[in-house]
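Assemble the whole structure, with the sequences as input and the hints as a guide.
Residue numbers (our numbering): 2 to 530.
Mixed in with the good hints, there may be bad ones.
Unchecked claim - In the DSBU-like style, the derived pairs of lysine-lysine whose C-alpha atoms are separated by at most 30 Å in a straight line are:
#, residue 1, residue 2
1, LYS473, LYS391
2, LYS278, LYS473
3, LYS262, LYS278
4, LYS262, LYS275
5, LYS275, LYS473
6, LYS262, LYS473
7, LYS391, LYS275
8, LYS391, LYS262
What the hints assert, rightly or not - Across the chosen pairs, the derived CB separations fall in these ranges:
#, residue 1, residue 2, range
9, PHE428, ARG254, 23 to 33 Å
10, GLY105, VAL339, 41 to 51 Å
11, PHE428, ARG196, 46 to 56 Å
Think of the hints as simulated: they come from the structure by calculation, not from any bench.
For glycine and all other residues, C-beta sits at the position ideal for the given N, C-alpha and C.
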Amino acid sequence: MVVAAPTADPVPAPPRRRRLSSAVVVRAVAAVGAGLLLYVSFPPRTLWWLALPAFALLGALVYRRRARAGFGYGFLFGVGFLLPLLTWIGSLVGPVPWVALVLGESLFVGLGGAGMAYVSRLPAAPIWSAAVWVASEAMRGRVPWGGLPWGRVGFGQPDGPLVHLAALGGEPLLSFVTVLVGLALGELVRRAVERQGNRALAVPLIIGVLAFITGPLSALVPTLSGGPGATVTIAAVQGNVPRLGLDFNSQRRAVLDNHVKETEQLASDVAAGKLAKPDLVIWPENSSDIDPLRNPDAAVQIDRAAQAVGVPILVGAVLQNSDGQTTSNSALVWEPGVGVVERADKRRVQPFGEYMPWRSFFRLFSSYVDRAGYFAPGTGPGVVDMAGTKVGVTICWEVAFDDLVESSVENGAQVLAVPSNNATFGFTQMTFQQMAMSQVRSVEHDRTSIIATTSGVSATIDPDGTVTQSTKQFTPAVLVNRTVLRDTVTLATALGAVPEWVLVALGVGAVGATVVIRRQRSVGKDEDG
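What follows is the structure in structure tokens.
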């Protein structure tokens, strides 16, 4: 009988999947870290340059990956960026809605990552990838429920040399070039590590350098028409609130009284020669949550302040609409001894705060929906006339929306006013993030911006984006600024949304080109086979 020799146990295959999983974990952590790096580049810090290595790292992570991997790394990048950026939302509504919002918004960043991975095989990939990023921001800023443009890359660059690009193509161009420089940096490092030749290194180097120098050079581009005009003195009143948080809304009369008091103090300082007499005064959003058109006592208080200072006041008021259910978030031009002569209503009301979309549905998950308001969006150009000055009004978060600010300027705004109420968000970074948006808007449209908030930070911003005056948080204060009115038209104002749509088309077109190229190669392989 023949006995077969015993066979040795097969040598176990190397744990390839485990090694791949470890690599994926490392890349996932790096994606979150890159997003965190982008967050650190945003105000109140002035570390604008950190956005460049953030996108250099993201570009390396999605390079030649499948679209689904690019989506995953982009999504994690979004979480690392938006979770700390939007902590002020958590301070208001709690952790669950905050995290849910971040995860939802990160889906758009994930789509951007997928597109960037897809086009990373094309020549001059940083250009197409940066355009894909702008496309993802355009989508995030529009859907759902009007979008959330908070955290667009350009809004983190008010102190950097690229900010001047906003005057040429608005925030989308600023975002595009910032991302492009970062991606070119990453591509340069990757090729250097791979010891590619000088010719290969030259491509990303040239792209990055040329893109970066467009920032300082764009400051030299003249406006298309118009110029500086008359000079007016504008005062911004920060009356402060009794205490921070949502509770202040139950103390509406105290908030109104605070702004009346500070305005009367302004009048006293003017009479004493301590301050220049203003031509107009800006009060914050919600400075009168008591409807002065329906409550004579509030009207008397406001008119008392207006008569004391002797000039019109832009009053942020909550008005009850005729339907008896909805309200309007309005800015009223109050003439001394006359009352309201003009008004501008908030045109883009905030979902989940000022109104609740799908209220009955979301009530199944949280009782917070019953705290959301019933504000109705207004119409109109967002411009009011105050003592002969055309004032563009964007109320609070409206400053984040390109079309609203552009509409005000196109309809004759000579100066931009941003009445805001940030008291709800306490000492969070929200107010500084919002101020950075106003800095970019000032550059974009060559206008002075006046920010008046209930609790700070109130500020005046020159047309070059420089913050010339600012207040501390949760202290009463008044800013008086000598302002040069302008009717200039920048290239960004003239072009409107055109630069954004061109960049979106480039990004989408690059993805489409990649699809065609892949199919052609696949057909070629089949024919060869």
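For a quick check of understanding: which of the numbered hints are violated here, in increasing order? Failing hints: none at all.
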